[in-house]
Amino acid sequence: MEDNMKERSVPGIGLANTLRFAWRAKEVEPFGREVFGRTIIMGVLKLAVKDVLCLQNNPMERGFDVTVYTEEKHDEVLKKVKAVEGERPMCLYDVTSLARTNFRVVTVTMYNPHVKDEDVRSFLGRYMDKVSSARLLKDSLGFWNGRRCFQALLREDSKGQGGYLHPPAMFSLGADRGTLYYARQPPFCRRCMAYGHILASCSIKKCRICGSAEHEAKECDEPKACHGCGSSAHLWRECPVRHRSYASAAGGSRSGGWGKERRERKRASGPGHGSREENSTERGGARSGSRKKQGRHWSRKRRKGERKKGSGGTRDNNGGG
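Each residue of the sequence shown is one higher than the last, beginning at 1 in full-length UniProt numbering.
Since the hints were made in silico from the structure, they are not lab data. For clarity, every value in this text was computed on a predicted model and none was experimentally measured. Backbone N, C-alpha and C fix where the C-beta goes; we use that ideal spot for every residue, glycine too. Hints are not guaranteed to be accurate.
[Stated by the list, open to error] Calculated cross-link-like contacts (lysine-lysine; reagent style DSSO-like; alpha-carbon spacing at most 30 Å):
| id | residue 1 | residue 2 |
| --- | --- | --- |
| 1 | 50 | 82 |
| 2 | 116 | 82 |
| 3 | 224 | 205 |
| 4 | 116 | 46 |
| 5 | 79 | 50 |
[Said to hold, decoys possible] Label-pair distances were calculated between CB atoms; the ranges are:
| id | residue 1 | residue 2 | range |
| --- | --- | --- | --- |
| 6 | 193 | 155 | 43 to 49 Å |
| 7 | 172 | 75 | 37 to 43 Å |
| 8 | 240 | 44 | 23 to 29 Å |
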């Protein structure tokens, strides 16, 4: 239970440049905020107020979360902690870093501004974890400049650059092309679509569709893979990932998603179990039909009364003559 609470207290994408000091000595009363600041931060770690961005109380851990301004200062403090972790008073704390080295802010440029944010997010999800929603970048006048920012975590890959799997810097979603970049992004080659070198130094000639070195992309006979999920069974316009993202963004569409499932449930339920709109329409039709019948009934009675009145006037005239 305690382990689950600790996991929930750490954000999924981590906290940049942050160290967590959790009190480990259960038999001793933990330090207060002022004692911790003077003894640990200023005394042991030799940090000044200008070095610390934020010092937050953490009642769940009976300790504190310390955030510094720069990544260099974070690494420096972490080294100091490891050097004196067995000495008092640092031995009273379990110190862990909340920073994620694989955290990246990805800036994506799609040349077609009508491409949905959820489609771009689904594409990034092939290579990265915990992809956030998009944030549109605007200029000083308030106009969107076509760029979108996503926060995400790189996936670990022993064969990738720096031990991570990197999304391609140039990509396509159907007929729409885009580019992306982020901090500490490895060099990317536009010819072979691989990381580690640039176009000027590329000596690799291979097909970027199937990866074969025997032909180029324009001569490739292999079926193209989907830009959304990588499957060769369908293209981007038929990708189920794309349809799900449209449904989640629009709340259901005619082509699929919740709207389609709702219609199937209606058909399966049979007559008499339709939606509220259908039932109200049927009741409205029944009422309108009854009104028509009543109208015809009263019109027949009116005509019949007029005929009787007309025939009575004729008898009066004959009798008077």
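Hints and how they fare:
Proposed proximity of residue 50 and residue 82 is supported: the alpha carbons are some 23 Å apart, at most 30 Å. This hinted pair does not check out: residue 116 and residue 82 have alpha carbons roughly 46 Å apart, beyond 30 Å. Our distance criterion of 30 Å between C-alpha atoms is met by residue 224 and residue 205, whose separation comes to about 19 Å. Of the pairs offered as hints, the one joining residue 116 and residue 46 is violated, with about 49 Å between alpha carbons and a cut-off of 30 Å exceeded.
Simply put, residue 79 and residue 50 have alpha-carbon atoms about 19 Å apart, close enough for the 30 Å limit, and the pair holds. Look at residue 193 against residue 155: about 18 Å separates their beta carbons, and that is not inside 43 to 49 Å. Checked against the hint of 37 to 43 Å, the C-beta distance between residue 172 and residue 75 comes to roughly 38 Å, which is consistent with it. At about 55 Å, the CB distance of residue 240 to residue 44 disagrees with the hint of 23 to 29 Å.
Hint violations for this structure: numbers 2, 4, 6, 8, all remaining hints satisfied.
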